[in-house]
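In the order they appear, the protein sequences are chains A and B. Going by numbering that gives the first Met the number 0, the first sequence opens with residue 0, and the numbers climb by one from there. Going by numbering that gives the first Met the number 0, the second sequence opens with residue 0, and the numbers climb by one from there.
It should be emphasised that the hints constitute simulated quantities derived from the structure, not laboratory data. Heads up, a few of these hints could be off.
[Unchecked claim] Only pairs whose alpha carbons sit at most 20 Å apart, straight line, appear in this in silico EDC-like list of lysine to aspartate or glutamate: (1) K101(B) to E38(B); (2) K27(A) to D39(A); (3) K27(A) to D80(B); (4) K42(B) to E55(B); (5) K24(A) to D35(B); (6) K24(A) to D39(A).
All figures in this text were calculated on a predicted structure; none of them were measured in a lab.
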Amino acid sequence: MSFLRYFLLALIVLGSTYGDIYLAKGMKQIGEISPARWRDLFFAPFNPYVAFGIVLLMMFYISYLASLSWADLSYIMPATTFGYVLTAFLAHFMLGEHIPLARWIGIMMITAGVGFITGGPSLTVIPTPEGPSPHVEVHS
Amino acid sequence: MRHLGIVATWLTIFLLVGLNSAGDMATARAMRRVGDFTELRRKAGTLGVVRAVLTEPWFHLGLLAMALSFFGLLAALSLIDLSVVVPASASLSFLLNLLGAKFFLKEHVSRRRWISGLFVLGGIMLLRT
């Protein structure tokens with residue numbers, strides 16, 4: 000797999016992890032959106048934290064689209080869960096949060112799963128009369 | 000901040016998971032039909048890639064489901080803690096997507112992918128403890 004493809008996977012991880020964090024921060028500032036205040040949802044993107052979260056999530060989405068153009072969804076999904084590991088490490092080493100043993104085991108399981116899947120083929124190959132096709136049969 | 004009850008919390012999470020997985024399925028199918036961006040860019044340029052994506056109906060369906068899921072998540076985040084909603088919806092979406100990849104997208108979910116998927120799913124659940 001090329002450097003660009005690893006880079007896109009890294010952008011997916013970072014964009015979705017930090018995007019969610021900034022969205023949550025912004026929405027806590029805005030406060031509860033009750034059914035009576037549903038219109039406030041459309042103004043939420045004007046909150047700076049929500050706006051930054053959206054920019055990061057857009058970065059995630061474009062990288063996600065590009066990655067899905069050359070790899071299966073069942074390949075991309077586990078690879079992108081590495082964000083949880085990243086969040087736990089940042090919380091431990093930067094914020095000094097205590098990580099219990101069960102969580103360390105969880106981190107190791109995700110890392111092992113991600114390492115195992117990225118070592119395998121990224122795309123389903125279907126043999127066709129014209130030769131191997133990277134495209135699965137899609138019924139429109 | 001007001002919090003939802005346990006039933007309303009899980010109903011919200013299931014709704015978000017359904018929308019999110021529908022978005023992932025439709026987007027993955029769209030990108031499979033468009034083909035590898037790198038090759039397409041070499042043949043038709045960047046605008047050609049953008050055109051191919053924007054004229055793909057599955058892409059719009061995926062985008063709609065993801066947009067609904069996104070606004071749903073925004074609303075949910077003001078009522079449910081991030082530490083509950085994100086890992087819970089992530090682990091359920093993960094399971095639903097793996098099944099969808101096999102039965103809807105007809106991907107070859109090999110033994111390697113199932114084992115990796117189970118490891119990751121178990122890991123996500125342990126991180127929640």
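task = Provide an ascending list of the numbers of those earlier hints which the structure does not satisfy.
result = Violated hints (numbers, rising): 1, 5; every other hint is consistent with the structure.
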